[in-house]
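> Chain by chain, the residues:
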Amino acid sequence: MPSLVERLRSIVGDEACLARAEELFVYECDGLTLDPVRPSAVVLPRDTEQVASVVRACREFGQPFVPRGAGTGLSGGAHPTPGAVIVECSRMDRILEVDAGNRIARVQPGVVNADLSVAVATHGLFYAPDPSSQMACTIGGNVAENAGGPHTLKYGTTTNHVLALELVLPDGAVSRLGSATGFAPGYDLVGAVVGSEGTLGIVTEVTVRLTPIPEGVETLLGIFPDVVSACRAVGRVIRSGLVPAALEILDQRTIRAVEDSVYAAGLPRDAGAVLVAELDGAACALPAQVEKVRAIIGEEGASEVRVARDEQERALFWKARKGAFGAMGRLAPDLYVHDAVVPRAVLPEILATVCEIGDRHGVTLSNVFHAGDGNLHPNISFDRRDPDELRRVIAAGTEILEACVRVGGVITGEHGIGTEKRDFIGLVFNEADLDAMKRVRDAFNPDGVCNPGKIFPTTRFCVESNPKARGYDRVPLA
Amino acid sequence: MSALGEELREALGAESIVEHPPVEWDGHKLELTFRPPDGDRLAKGLALLSERGLAALVRGGGTRSHWGNRAERADLILSTEALTGIDTLDTEDGVVHVAAGTRLDEVRAAANSGGWELPLDPPGEGTTVGGALSAAAIGPRRLGFGPPRDCVLGLEVALASGERTRCGGRVMKNVTGYDLAKLYTGAFGTLGVIERAWLRLRPLPASLEVRVAEVPSSVDPFALTLELARRTTTRVAALVGPGPAERIGSGCLIEEGWVLVAEFAGDSPATERDLEWLEGRVDALPADADVVGGLRRIQGAPVAPPGLRARIAVLPSALPETCAGLEASDLELVVHPGLGLVYVESHADLDGSLGAVDGAAARGCGSAMYESLPSQARAGRDVFGASPDVVPLMRALKERFDPTGTLNPGRFAGGL
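If you read the protein sequences in the order shown, they are chains X and C. Final position of the first sequence in the numbering used here is 611; the numbers increase by one with none missing. Final position of the second sequence in the numbering used here is 423; the numbers increase by one with none missing.
Keep in mind the hints are simulated off the structure, nothing from the lab. Cβ coordinates follow ideal geometry from the N, Cα and C atoms, glycine included. Certain hints may be false.
Unchecked claim - Reference listing, derived: stretches of chain C covered by chain X, where coverage requires no fewer than 3 residues with Cβ under 8 Å from a Cβ of chain X:
id : region
1  : 93-107
2  : 235-241
3  : 364-376
Take these sequences, add in the hints, and give me the full structure.
Here it is, written out as structure tokens:
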């Protein structure tokens, strides 16, 4: 009898099946570099039939399988379990159809997010979800994580833009869910699969809604003495009746990291925070909206409000925002990117709380976040080689999540639960809530072979009993 | 009081069980209504019904009781009408937490008073939050409002087992676990009974304008209205055939062709510009919002036998061909080109109308859902038009959420 690897090679070809240790190394984890686990093999199929055959082969050999896009996820959603086969969809990268008249596109899951917008730009259209990793992340990965981005505030997340899916079910059957019309009879199976972190099957084709490129865009940069006043400005903009395309905040530590990096945008290093506000839509309506936002920002204490004079300056503002995570590499060897969401009205209070928690634990905490959605990214820079610092980082992170949940928030807005937060999901949902989710998983994936070990807690009351659940303590010291 | 009624009263309290003269529903004569006053009683009652193998037909305001396939079994009605009240209206954040039996007009009024708008406008006076979400019911403003699922941030749902569960939350972005709110929205109450919902509101528009126009024969009505639908501020862009044009109070009496109904909402400069665009193409007359209300009303009430009402969904590009066959069949049509939707209503020739609707949906490579259909025509038919390909997955879900078939058995897509 052939081995599993031999069977996989017979399906995808020798060059598309990786099984040597040095080839498998980079697949031990995704953007969450903790708890790496070596897979038994990696396959790179080119079409749906190959994916289905791979799934059937894995079942035959009793091995779990893990779908993977570009591996940019931050919560371990594409982490293998021991012996698992990674099904990497990066070679399924064709845009199968662009129907500009009906404003839809049909793509394979390995299409890079930004590439789709480039491909449809000649039709005056774009693909709206724009996660920070959009130059690398794939549509299939976006579907798995229900990816968001800075412009979620106006345009919504991935789930608002996916009309239909082709899914290889965990038993190897191929199912088509949803409808390009947007009106599929029956349960909203597309809605269930988007954001399910690859636990319900492997997405092999995605029909997405395309959005017209807005006629006009205006981008403002408000410079604030502190992050709390910037949050108050966001609250007032929301209450004013405007629906901005984006409202993003960077705090002082982030600003300084950015200005010290290749992403420098000329931000004042002594500013307590900057707010990037973007408005788009009908060009004739924008001047009044800009004045309204400018006035609010000024009234809430901004020392300066800049309005981008041209596309170049707009790109500069965004360079600072989108380069923020990369710039933080300058602060310390390790970065723990948190992702929590709170009601927008409590942003000023929760930011003060988050900063107090960071100070109390003596950790280097910076904030760059989607303020308009209430989506926080408290980022803790640290050095994993210092056990005491590691302990404080974990304690601060846990307290931050608990504080967000206490004010009506949740523990992830766009990164997902994965392996990172599966032992924290109990902060938000009780056993009955999770049991309802398991009913869905069991309907699609009854024996749990598809992406095991994600989302659901490994232990009961784990948050209290296992404060090191996220695994930093298990990272080998350099 | 029947023996069952007595037993339920004893277990759930007298205020939860209402005995009434027989109500005819899909051939079932129902004399009991389970009307829980709170979530605990709802859950307890569901557990009891499941244990006893009893079947409940779930309703909110009863405005869509005529929807759905014929119920396989029915022992009583489960009404969420007593679960009422707005728990939280957060005008800072633009969210509302509301009990399922609360009428939409009550939520709408409360939201408006705080400067916000509820982006749900299904037909049916008395429609409740739970009913609208369970049916994923839409109205003429669906173009501007988006689908009902988009405004649902979180739900509290009682399962058939009697477990009270939550999914989602009150925040704008959330990927904490599976997005079960998507599954429950539009599930017709077959996976669980919605008890409460967190809904996302929208800012009230600064400017609102309504126009009606007869579409000249020299103009391609579908191309015009599709282009209109894609203007920035358009939230209603409908083509209305001769019969419905009179019934909605458009003031345009036509014998053939189309009346265009447009509503613009947004900032004044933008709505004014879109109005100018429209007025440059047709003679558009100002109208009040009652015309949009008229559109909503005619899509609400059941059609008396032997009539029917269906909603056909196709891609916008397929609309001309889809409608050509229907116009030839002398049916009453309301078309939303921006959504690819055609509402078809007939008042005679049931078999001919069914053939025309099914044929049109097939020609447009879309689907047809019958919202109102005489009982005899529903027998043996899936009025939702679900694809057989997805029925096994849907059945697997139904079996896990409602293994005893307590909730609306047989009424949903695929006969679930």
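> All the hints need checking, so say for each whether the structure fits it.
Hints and how they fare:
Check result for the region 93-107 of chain C against chain X: holds, 6 residues qualifying (beta carbon to beta carbon below 8 Å, three or more required). Counting residues of the region 235-241 of chain C whose beta carbon lies closer than 8 Å to any beta carbon of chain X gives 3, which meets the minimum of three for the stated coverage. Check on the region 364-376 of chain C: 3 of its residues sit with their Cβ under 8 Å from a Cβ of chain X, so the three-residue criterion for coverage holds.
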